[in-house]
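From first to last, the protein sequence lines are chains V and C.
Numbering of the first sequence is given in the numbering used here, commencing with residue 1 and proceeding in unit increments.
Numbering of the second sequence is given in the numbering used here, commencing with residue 1 and proceeding in unit increments.
If you're looking for bench data, these hints aren't it; they were derived computationally from the structure.
Take these hints with a grain of salt, some might be off.
Only some residues are given here: those of chain V computed to face chain C with a beta carbon under 7 Å [stated by the list, open to error]:
id : residue
1  : 282
2  : 340
3  : 342
4  : 345
5  : 349
6  : 352
7  : 360
So these bits of chain C aren't anywhere near chain V, every CB distance computed over 10 Å [said to hold, decoys possible]:
id : residue
8  : 32
9  : 86
10 : 87
11 : 89
12 : 122
13 : 124
14 : 126
15 : 141
16 : 235
17 : 423
18 : 517
19 : 583
Values in this document were obtained by computation on a predicted structure and should not be read as measured data.
Every residue, glycine too, gets a C-beta built ideally from N, C-alpha and C.
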Amino acid sequence: MRRTAFRLLAASSVLWCALGSVAATRPHYGGTLRVEMRAAPVSLDPTQEGAAPEAAARVKLAPLLFDTLFTLDAGGHPRPYLATSATVSSDGKSWRIDLPAGVKFHDGTPLTPQVAAGALRAANSEWTVRAERDAVVIESKSAMPWLPAELARPRYAVVRRGVDGPVAGTGPFRIAEWVPAKKLVLVANDDYWRGRPFLDKLSVELGRGLREQSIALELGNADMVEIAPEQARRALEERRNVALSAPIELLALVFDRSRSAAANERLRQAVGAAVDREALRNVLLQRTGETSGSLLPNWISGYSFLFPPRSDMARARQLRAEVRQPPAFTLAYTAKDSLLRLVAERVTLNAREAGIVVQPVAGAGPADIRLVRWRLASADPTVGLMAMAEALGFAAPRGDDPEELYRAEREVIDSAWVAPLICLPEAYGIATRVRNWSLGPGGSWKLEDVWVEGQP
Amino acid sequence: MSFRRKFLLVLALSIVVAVGAVSSAVFWIARQSLERADNERATALAAQVEREFARRGDEITRKAEAIANSDQTLRMAVSLSRPGADPALYVNAAAAVAQEQQLDFLEFVSADGKIISSAHWPARFGYSDPALRKPDSDKPFLNHEELPDSVALGMFAQRAVAVGDKPLRVLAGQRIDRDFLRSLVLPAGMRVLLYQSAGPGFSPGELVDGDGPVAGGDRLAGFVQQVQRGADATTVVEWSSNAADSEAFRAIPLAGAQDRPLGILLVGSSRRPLVELARHIGTVALLVTGTGILLAIVLSGWAAARVAKPVEQLAVAAREVAAGNWETQVAIASSDELGDLARTFNQMTAELLAQRDRLVQSERVAAWREVARRLAHELKNPLFPLQITVENLVRARELPPQQFEEVFREASRTLLAEIANLKTIIGRFSDFSKMPKPALRPVAVNELVEGVAKLFEAQLEDGARRIECRVELDPEAATINLDPELMHSALSNLVLNAMDAMPGGGTLTLRTQQRDRSLRVEVSDTGAGMTPEERERLFTPYYTTKQHGTGLGLAIVQSVVSDHGGKISVESSPGGGTIFRIDLPVDAKAVGASAGARSGL
């Protein structure tokens, strides 16, 4: 109950852009939505791993082109999407997912179980996937109670692949123009199985800086741009249309288990306790996001209040004093991310105040501590925590019940291998002519329901 | 060493010394000039640095004032002075203003000293900045500003925005770094380095010039540390084995508050011009010296022809004169001092010849007088008895025949004896005048001496006097060329003189002694000896101390020894006996030459 309540609260915390005039206009077809993004992906393959901004961009763009078998509803529960139904074996190791008839890819070819099975195999080689007459069957060595939520992730989208990668999906838009890392033009899929989207065209400019995006929005050259979370407050004060997602990105310090400097638990705890999270949130992030002592935000897990943020300089000094000749830590952060640079410098200052030497290092080289900005893979707590465990290198939960999730997270937090700092939302600037703009629970774009007023 | 060589040596040395002295003087003067110029340039550069510091200080002060007086800052100050104000709203304010004002450092600081916004270290908000001065401090100052990954040296100025009782303070600054160094207008051959660290020790990465870290900066480590300790502020650094690559450095410590050293400016001046000038002077000096030595050779040749040759001719002529050739004359080739010298030399030899002739003439007269005196003396003694005897015979003619007969016989004996005496005297003079030329042949001198000793054995033990004869012969005595008859006669003469000197007996010693290039024969006695006056006239012909001596014995001995190329000397003192020493040359040529010379005379 508590988890559901938090999810509902989180969903309600999504701030809508100023679309107060939605009721004043009726939905209509046509028009072009101009979107600008900072990331510059060179591929649209949702299964392809990559640097965080590019992977996040693919996660956002994938639902426009490709459909997944399941989706998460506003409460974060998995619901069949492209699939018509699903049945699980008694031991939970085998799932049969029924596919609809009559669904076609953008190139006109029909969706078949064989194509769907191929897409799933490409997404996860550990599964045994086979196609049956109107269904695909997924089998695993262990029970997979979370499989529907997992299949809601964009990487498991149904994609018809060619030799060079995905060539077509079943999504609401199809590709009209694709210049890798620069531009993506999508047009409405008139034969979309859920009905044609309102927009005729979607133009996405890639690799655009936040400042350029802001200027483009200001000048009316863009309808939807990204805003750095720390700039959201100022944008709101400037009376711009700003939309904030639920906190979906975790800023955390991750200690490298292979480095001897990170071996001392007291020092790890001291570093975690030294960081003034309130100052990070209130000043650097301009009161955007929420301080965090847990890995998952409260709106997903429902138990985050049990992990109060551990910012305690006196305790940090005490822990530091208990260690003789502490080593100097290196703290790596992504060089291109100005927010991470500021946070890293602040962490350095806080650690120095506690008597711990931390040297910030820009780049992905070896370091004792990494400052990560992890975008949650799913609004489902089990899938989200498992993906995080795989990426950050800690033990994944062994089940999907809240107690097991709490236990797994408690183990990580108490051992201080990961020190959560802040949970950040994603912020967007939306032009006033955009109507019915919304975000999915995992921060995905729901542009098939958007329409625009007037000419750009 | 010949005059010509001495002259060449002196001339060459003079040239080398003169060129060396001139080169050293020129180099010293040039060095002084260059170092003075370097000092002036370094001083000008130091003044330029100070002007640049002052200019930057003024510029930063103006910018700090402009920021403090701007509406934006005023609004910020007003906003922050309100109760419950949120400083976080201005955390990025400094960055934009710093960019606009082209400042490297900018901080907005609250009245309680906490940083509200930092352009150069945005994450530093909420912390205190130790660089902050007292609120009323309005002068620009140098300071080390902490950055996230380093410490930077900068020039700072601060201003306050007075809003109520909580002024907002603006701390603005610019880096003192490579850009600062590049802004300096440097004279050719000079550069300025900046050591940016205030900590002890030396960190090569902190030493930069306008292009970045200084290659080989380690070589300045010692100097920097010396300056940090307040020691001497100049040094010379050898960047390579080539001395032209060396560089002189002058340190200008950069002091911050309370004169705390924050960094060091190192004004470098290349020593290439000085080294190349020294090399150039050295090359010129070598050329001049070489040319001078060649000139010295030519001059010495000329001088030899001009000076040395007449001197050498004079030297040859002097040797000729010394050898007895008094007729030697030198050619008078010039009218200068050398000509005067030659003329004087010729006059001298002419005068010597004249004096010799006069001396010979006078000696000849004196000799004839002496001969006449001696002859008169020698002849007078027998003539007086002859006169008395003849007068007695004249008177005896009146005596009875018996008595006359007796007188006549007595007178006849006397006349015959005196006539025999006259013959003896005349014979001796005749012998002296007929002194024969030595007939040289190899003779063992020891045997000759032994023969003389044996000859007088009987006479030595004759009568009441007892003379002991000692013969001490050197077994190493050489066999030399001499005339044994003449030498035997000479030695016998000396033995007879020794025996005469010892009427009461004594010891006669005959001794031979081989010397380096001569053989010595000594004849010594233990007789009464001679006075110095007697010794001086000993070898004078016809001088004698004996009752019946002719005074020719020792003169003949000296003549014989001289004819053998030898030398005779005497050592005697009254009561101390007499030693005659004859030194005969081993070399036969000397004998022949001496005999020839005598015969020539």
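Closest CB of chain V to the CB of residue 124 of chain C still more than 10 Å away: Answer for residue 124 of chain C: violated, closest chain V Cβ roughly 6 Å.
Residue 352 of chain V as chain C interface residue, shortest Cβ-Cβ below 7 Å: Hint violated; residue 352 of chain V Cβ to chain C Cβ min 10 Å, cut 7 Å.
Reported absence of residue 517 of chain C from the contact zone with chain V (all CB gaps over 10 Å): Since the minimum Cβ distance to chain V is about 98 Å, residue 517 of chain C lies beyond 10 Å and the statement holds.
Whether residue 423 of chain C stays farther than 10 Å from all C-beta atoms of chain V, as the label says: holds (141 Å)
Check on residue 89 of chain C being off the interface with chain V, judged by Cβ distance over 10 Å: violated (7 Å)
Assertion that residue 86 of chain C lies farther than 10 Å from chain V (Cβ): Violated: least Cβ distance 8 Å, not greater than 10 Å.
Non-interface label on residue 126 of chain C, tested against every C-beta of chain V at 10 Å: The claim is violated: residue 126 of chain C sits with its nearest Cβ about 6 Å from chain V, within 10 Å.
Closest CB of chain V to the CB of residue 32 of chain C still more than 10 Å away: holds (52 Å)
Interface hint compliance - residue 349 of chain V to chain C, C-beta minimum distance less than 7 Å: holds (6 Å)
Interface hint status, residue 282 of chain V versus chain C (Cβ within 7 Å): holds (5 Å)
Beyond 10 Å from each Cβ of chain V, as asserted for residue 87 of chain C: violated (8 Å)
Given as non-interface: residue 122 of chain C, partner chain V, CB spacing beyond 10 Å: Check fails; 6 Å does not lie beyond 10 Å.
Against the hints set out earlier in the document, violations occur for numbers 2, 6, 9, 10, 11, 12, 13 and 14.
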